[in-house]
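Please take these sequences and the hints and turn them into a complete structure.
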Amino acid sequence: MMRLNMAVSREVRAELERQELKPKALTFWLGVGDAKARSLCAGKSVWTLADLESVSEGLGVDLPEMLARCAARLQPQ
Numbered sequence: 011m012m013r014l015n016m017a018v019s020r021e022v023r024a025e026l027e028r029q030e031l032k033p034k035a036l037t038f039w040l041g042v043g044d045a046k047a048r049s050l051c052a053g054k055s056v057w058t059l060a061d062l063e064s065v066s067e068g069l070g071v072d073l074p075e076m077l078a079r080c081a082a083r084l085q086p087q
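Counting from 11, one number per residue, gives the positions in the sequence shown under our numbering.
If you're looking for bench data, these hints aren't it; they were derived computationally from the structure.
Hints should not be assumed to be uniformly reliable.
Below, simulated DSS-like cross-link-like pairs (lysine-lysine); rule was C-alpha separation at most 27 Å, straight line [to be verified]:
1. 32 / 46
2. 34 / 54
3. 46 / 34
4. 32 / 54
Pair by pair, the computed Cβ-Cβ distance ranges are [to be verified]:
5. 84 / 39: 31 to 39 Å
6. 86 / 30: 15 to 23 Å
7. 42 / 83: 17 to 25 Å
8. 85 / 45: 28 to 36 Å
9. 54 / 30: 20 to 28 Å
The C-beta atom is built at its ideal place from N, Cα and C for all residues, glycine as well.
In structure tokens, the structure reads:
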């Protein structure tokens with residue numbers, strides 16, 4: 011479970027970087043505080059599907075695409 015959570019965190023951070031956004035954007039999309047947004051991005055808090063859906067929408071990435079990217083991060087390199 012923790013590997014999946016870290017994969018989600020890494021992919022969200024990567025997409026934020028691609029779009030030149032800060033983790034602070036999560037506070038708006040998720041309605042959480044700065045500490046919670048940082049914790050999610052660091053993989054210290056557990057991502058829910060609802061969280062990922064909201065963030066995907068905010069980033070303009072289809073949820074199935076985001077899930078596929080997260081799954082790809084779980085594959086052995």
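Is residue 32 within 27 Å of residue 46, Cα to Cα?
14 Å, holds
Is residue 46 within 27 Å of residue 34, Cα to Cα?
The given pair, whose Cα atoms are some 10 Å apart, holds under the 27 Å limit.
Is it true that the C-beta distance of residue 86 to residue 30 lies inside 15 to 23 Å, as the hint says?
30 Å, violated
Take the C-alpha atoms of residue 32 and residue 54, compute the straight-line distance between them, and say whether it is at most 27 Å.
17 Å, holds
Within 28 to 36 Å or not, the Cβ separation of residue 85 and residue 45?
32 Å, holds
Mind checking the alpha carbons of residue 34 and residue 54 for me, to see if they're no more than 27 Å apart?
16 Å, holds
Could you tell me whether the CB distance from residue 42 to residue 83 stays inside 17 to 25 Å?
Since residue 42 and residue 83 have Cβ atoms about 23 Å apart, the given range 17 to 25 Å holds.
Is 31 to 39 Å respected by the C-beta to C-beta distance linking residue 84 and residue 39?
Roughly 24 Å apart at Cβ, these two residues miss the hinted range, so it is violated.
Cβ-Cβ distance between residue 54 and residue 30: within 20 to 28 Å?
Holds - the Cβ-Cβ distance for residue 54 and residue 30, about 24 Å, lies within 20 to 28 Å.
Going through the hint list in order, the structure does not satisfy hints 5, 6.
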